[in-house]
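Residue numbers (the working numbering), protein chains in the order written: chain A, 1 to 564; chain B, 565 to 755.
Since the hints were derived computationally from the structure, they do not count as laboratory data.
Beta carbons are placed, not taken as given, at the ideal position from N, Cα and C, and that holds for glycine.
Take these hints with a grain of salt, some might be off.
[Unchecked claim] Computed beta-carbon distance windows for the label pairs:
1) B/R569 to A/H89: 36 to 46 Å
2) B/T664 to A/E206: 58 to 68 Å
3) B/R569 to A/P531: 46 to 56 Å
4) A/V443 to B/D609: 27 to 37 Å
5) A/M315 to B/G636: 20 to 30 Å
6) B/E607 to A/G96: 55 to 65 Å
7) B/N717 to A/W36: 47 to 57 Å
8) B/D609 to A/K24: 39 to 49 Å
9) A/P102 to B/A752: 40 to 50 Å
10) B/Q754 to A/Q216: 29 to 39 Å
11) A/D202 to B/S726: 29 to 39 Å
12) B/S726 to A/N278: 27 to 37 Å
13) A/G98 to B/L572: 45 to 55 Å
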Amino acid sequence: MNTEILGVILIFLLSVALAWPLGKYMVKVFRGDKTWSDFMSPLERLVFKLSGIDPNQPMDWKQNLKALLGINIFFFLFAFIALAFQSLHPFWNPVGIGNWEPTLAFNTAVSFTTNTNLQHYSGETGASYFTQLLVFCWLQFVSAATGIAACALLFQGLKNKTGSNLGNFYNLMMKSCTRILLPLAIVLSLILTINGSTTNFDGLQEVTTLEGETIQVAGGPTAPMVAIKQLGTNGGGYFGPNSTHPFENPNYLTNIAENIAILLIPMALVFAFGFYLNRKKLAMLFFAVMSILFIAFVAISVSEEMNGNPAFTEMGLAANQSNMEGKEVRFGPAASSLWGVSTTATSNGSVNSMHDSHTPLSGGIFLLDMMINAVYGGVGVGFINFFVFVIVAVFIAGQMIGRTPDLLGKKIEAREVKIAALVVILHPLLILVGTALASYGIVQNPEYGWLNNPSFHGFSEMLYENTSAAANNGSGFEGLGDNTQFWNILTGIIMLLGRYLPIIGPLAIVGSLAAKKPVPTTSGSLQLDSPAFGAVLISVILIVAALAFFPALALGPLAEYFTF
Amino acid sequence: MKSLRIALVLGFSTIILFGVLYPMAMVGIGKAIPHQANGLPIEKDGKLIGFENVGQPFSSSQYFWSRPSAVGYDASSTGGSNLGPTNPDFLALVQGRIDTLIKYHPKLKVEDIPVEMITASGGGLDPHITKQGALIQVSRIAENRGLEVEALNQLVEEHSESPFLGLFGPSDRVNVLKLNLALDELAANQN
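So that you can see chain A by itself, here it is in the shape it has in the complex:
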């Protein structure tokens, strides 16, 4: 069998195999059971004591939400000030990089606070060491931990027989950092360093090439930052071209490790759901539904990229060659496609190939992946998004068999369905309105010159940018000239709405579910862990995505595909 395909299978299987024990471990952390990482507790207690937090104080969904939003406001403000006045903190800024334009600082501060990591700047030329570490590296931990903590609150809400206590957000967030993200990041960072990812503060180094030219090579503390950007579904690279850069991703082994890191926590949270509620069968069903979509997407993208660009064959090149524009020889087309699907499924947003240069259908798959935004999904929020689809599917299935829908022993009523429907509609609304505004702007004012590619592909660039912002993904069709006030403000607003409303809505749902009296399970109850419900769930996901997004996809990637 083709070794490239074998590599893809290896990465997927290893991710699943590692996610299972991690899911078990995460549940222990959420519950506060004894684990090997208890040596962290003096440190956690110190931080809690200094900040006046009682980590054992029970909080209902509103108190938790207030805590989440409060700390996130601090994240944003600190990041914004640090970026807008970058030149004023001169230490750890060896190249002397200046202040950022306010809308770029706004966009980037939002981007890292919301776990999106859309980057309208380029890492090696725009950000000082201070910014890279004290702003970006830090936010990559705490924004990911915000998502994981929110997911743990959701689990508790679904588990409650009666009672409004969901757990303590501060406690869950801190432990997600110290006991889940930090140990994994240390391991991954070490793997990267050993394989030649720079881990220093050397700035630019002068190299004299074999042909006698002098070139400058940028280094820096790459490995620790790449580790957390992969694990926390962040995606904000140290260098502009992200994990295509040899210092971010030096060889095939690091590519395996980094790709697993993209999928690991999102997959583990699905298993954690099963362990936490003791509903392993249901968790397996959810995992199967996600994996069916994931594998189908990978298969399409891999085959499209390996089949290559038909226009090249017309120029006389051999027909059996793959599409290598924007790709690295050391990864090859198959591993690049797997990464592309992984990063768009999980709202990670890091890349190991340039998505703008993928063949039309492969790029279209990436878009669809972000439009669904619940195939494993971003750390924490991915499962929360999936949960919203589950509510809608339970409601529809209940209607079909003529019974009051119930989920895990709680009745789903008008209030829950209304909130779920609003959250489901929000995503296409943000994407399509944003794309419409941008399309109008560029058609009326062609002199803006955002687009790197003409025609259908140019439309795809704008669609991708808005989709990426709404899904809190952060990857891009990077040809788009997106560092303009228009794009900075537009995507900044989309990221904010796309992050917080899908957290607030589902928390409100579990808040109200948690307080409800359980209904007894009877033979008339909807059986969730059955293949039939799995089929309904897949249909709901695909119909929502297809109905809302098909026209936009038809104008972009599909139209481009048919020009071949």
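Given chain A, put chain B in place with the hints provided.
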């Protein structure tokens, strides 16, 4: 007031833990393996001449060429072309690269050109080409350096890297910088 204190103290203490201590600790550990932590530098006669995994521009007829790069192998400001597969400008660029290759390798047939030699990588610093990409350049180098074609083919063969563990990922890659270093050595030994 209470939530302000929480936000400030929790915020700043996490900044210290994850924005300062974590990266500093990893850089500290890196000091134990300086060669790797500095990105696998290659030195020759005490001068830094490159990094194992960072591609370099080669344009003279004496050397094996790297892939095209959207940033001309500028390792202080990297990136890809981000050109779409149907973009006419992109296709014209590719045609130009084919023409250049044919010009410098008159016996080369278009259908023998491997695709990576006419496309730019994502980061603009791809250190590799395929074995085929190196083999098509052998005749030019043999002529310009007065070396045997057979010896050069042998050299390419020796530098051809197999998949990870022999099983996973692309096969038959050649690291251009390492290949050219070996080429210089070979030429020096012959003369």
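Taking the CB of A/M315 and the CB of B/G636, does the distance hold inside 20 to 30 Å? 23 Å, holds
Please test the hint of 46 to 56 Å on the beta carbon pair from B/R569 and A/P531. 52 Å, holds
Cβ distance range 55 to 65 Å for B/E607 and A/G96, holds or violated: 28 Å, violated
Satisfaction of the hinted span 36 to 46 Å by the C-beta atoms belonging to B/R569 and A/H89: Roughly 24 Å apart at Cβ, these two residues miss the hinted range, so it is violated.
A/W36 and B/N717 - C-beta distance against the hinted 47 to 57 Å: 55 Å, holds
Is it true that B/T664 and A/E206 lie within 58 to 68 Å of each other by Cβ? With Cβ atoms ~29 Å apart, the hint is violated.
Hint says 45 to 55 Å; check whether the CB-CB distance for A/G98 and B/L572 agrees. 28 Å, violated
Quick check: does the Cβ-Cβ distance between B/Q754 and A/Q216 fall within 29 to 39 Å? Given a distance of about 34 Å, which is inside 29 to 39 Å, the answer is holds.
Starting from the range 27 to 37 Å, see whether the pair A/V443 and B/D609 falls in it by beta-carbon distance. 59 Å, violated
Is 27 to 37 Å right for how far apart the beta carbons of B/S726 and A/N278 are? 47 Å, violated
Do the Cβ positions of A/D202 and B/S726 conform to the proposed distance bound of 29 to 39 Å? Given about 32 Å between the Cβ atoms, the range holds.
Given a hinted range of 39 to 49 Å, is it respected by the beta-carbon distance of B/D609 and A/K24? Once the Cβ atoms are compared, 55 Å apart, the range 39 to 49 Å for A/K24 and B/D609 is violated.
Against the hints set out earlier in the document, violations occur for numbers 1, 2, 4, 6, 8, 9, 12 and 13.
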